[in-house]
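For this one, chain B is given, so just place chain U on it according to the hints.
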Amino acid sequence: MEPDLDIPEKIRPDPSFMEEVLKEPDGEKLRYCFNCGTCTASCVVSRHTEKYRPRMILHLVSLGAKEAILRSKEIWLCAACNTCGERCPQGVNIADGMNVLRRLAIKHGYVPASIRALVSRILVHGRIYEVDEFVEEERQDLGLPPLPSVDKKFIEKLSEKIHSKSPSIVGSDGESK
Amino acid sequence: MSRARLDDYRGCHCGSRVDRYGYFAGCSIPVRLNSYELSSRKVLNKLGVELVDLQGVSCCGMPIERVDHESFIFMVAKALAEAERQELNILTLCSGCFGSLSRGAAYLSEHEEEREKVNESLKEFDLTYKGTSKVRHLIQILYRDVGVRRIESEVKRKLDVLRIAAHYGCHPLKPHNIVEFDDPEEPHSLDELINATGATSIEYMDKLQCCGSPILAADENLAMKIAKSKLDNIRTAKADAVVTICPFCELMFDGMQIAISDKFKENYGIPALLLPQLLGLAMDIRPAELGLNANKVSTERILGRLP
Chain B
3 MEPDLDIPEK IRPDPSFMEE VLKEPDGEKL RYCFNCGTCT ASCVVSRHTE
53 KYRPRMILHL VSLGAKEAIL RSKEIWLCAA CNTCGERCPQ GVNIADGMNV
103 LRRLAIKHGY VPASIRALVS RILVHGRIYE VDEFVEEERQ DLGLPPLPSV
153 DKKFIEKLSE KIHSKSPSIV GSDGESK
Chain U
22 MSRARLDDYR GCHCGSRVDR YGYFAGCSIP VRLNSYELSS RKVLNKLGVE
72 LVDLQGVSCC GMPIERVDHE SFIFMVAKAL AEAERQELNI LTLCSGCFGS
122 LSRGAAYLSE HEEEREKVNE SLKEFDLTYK GTSKVRHLIQ ILYRDVGVRR
172 IESEVKRKLD VLRIAAHYGC HPLKPHNIVE FDDPEEPHSL DELINATGAT
222 SIEYMDKLQC CGSPILAADE NLAMKIAKSK LDNIRTAKAD AVVTICPFCE
272 LMFDGMQIAI SDKFKENYGI PALLLPQLLG LAMDIRPAEL GLNANKVSTE
322 RILGRLP
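As given, the protein sequences belong to chains B and U, one line each in that order. Add 2 to the 1-based position in the first sequence for this note's numbering, that's all there is to it. Add 21 to the 1-based position in the second sequence for this note's numbering, that's all there is to it.
Since the hints were derived computationally from the structure, they do not count as laboratory data. Beta carbons are placed, not taken as given, at the ideal position from N, Cα and C, and that holds for glycine. Among the hints, a few may not be true.
FRET-style restraints, in silico, Cβ to Cβ [to be verified]: (1) U/Leu327 to B/Phe36: 48 to 56 Å; (2) B/Ser151 to U/Ala280: 29 to 37 Å; (3) B/Gln92 to U/Glu134: 19 to 27 Å.
Next comes chain B alone, as it looks inside the complex:
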């Protein structure tokens, strides 16, 4: 279980964190956030839990609270509905911003167990669910055409890429760092 976002009383600013964020694809737009809170006000998840506040998370990024953010559960709570991005007056897509933080979390070794499981299914079956003979039979009974077979060579290549960019995605079942 990932810990809840634990904001330390004194944040030791890590300016390199903002730089790291800005270098990630889609990360460069986060520099335009001026903390107006339109994202939090529009957010479906924020409406249903007190824990998740996208504005605050972006603020903490600029303050350099690297460890607290990357190991938190909260960055995984964005539903990616894109309402924030649609309404942000600065044109920042905060949902994309959450994906930036997630990718950095994984690169730094904070991998939720469910993500590890999902990735491993894609790299084994080529899809998030296995298309087994029961699925093929069901489709046949319904008169649906057979599914395209998975391009194994492509999945191998994909696996190489993911493992070289995010080595901590491989691991035993169980806790991330």
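Frame of chain B, contents of chain U only:
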């Protein structure tokens, strides 16, 4: 765009066909919701839209977007390049796939270096990504290419007894600057398609709110709480059914409705239909041919009231 123009819009696909698409199956529908593909194929067939099965494609890359960006782009480019190889635009029924492929394509069109990099990786598959294949969601085809008038003309069984809660979901509408479809704050495409059957697409509180399913893995209780709030509002508005255009939304409102009912000690009993299932009923296609027998929440209460 004015409503009139949207209604008569006949595809700015610049010469490519609007009646023939490469079908992108994705992961979820074939394994968990074949009724969506079944009903869509039946309806599209009647409306003259041909689906060609794409080869060499499996996952759209959405789950990898949060893991590694280069790998995500690699998956999107592969899928799109396969469609280009077969000279087809892509049609998908899944909002997740639609969002992923659209966002990936937009990124590739804006980042030449990444495009060159991914094409290096695609060489060993004899593929080149050029950006010529468009990505389309079912609702765009039905609304823009087929059109409300054509659908009205195919209605053999008017559904005017039904009050329907339209659930747009998220990715067919947002981000607007990428998908360029309908209006993300005041959409009307799904409402008009529902109304074309004779049914009434009603207003209800928080109609455009997300279903919550993307965070099921991260926090199941929270996801279910979000879906519950939608079911509450749909019930308050006295809808006979909710209609969706995404497998995740449908699995939330149909497959998980009983679990949500149990968890919050409710008894919703609200049928959840996919849009092609509703359209199919209006076109007098038999419920079994639309996969309605596979819906978890019984659809009897609406089927029994139809002419």
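*Does the Cβ distance between B/Ser151 and U/Ala280 fall inside 29 to 37 Å?*
The hinted range 29 to 37 Å holds for B/Ser151 and U/Ala280, with Cβ atoms some 34 Å apart.
*Is the hinted range of 48 to 56 Å satisfied by the C-beta distance from U/Leu327 to B/Phe36?*
holds, 54 Å
_Can you tell me whether the CB distance of B/Gln92 to U/Glu134 sits inside 19 to 27 Å?_
Taking Cβ atoms as reference, B/Gln92 and U/Glu134 lie about 25 Å apart, which means the hint holds.
Of the numbered hints listed earlier, not one is contradicted by the structure.
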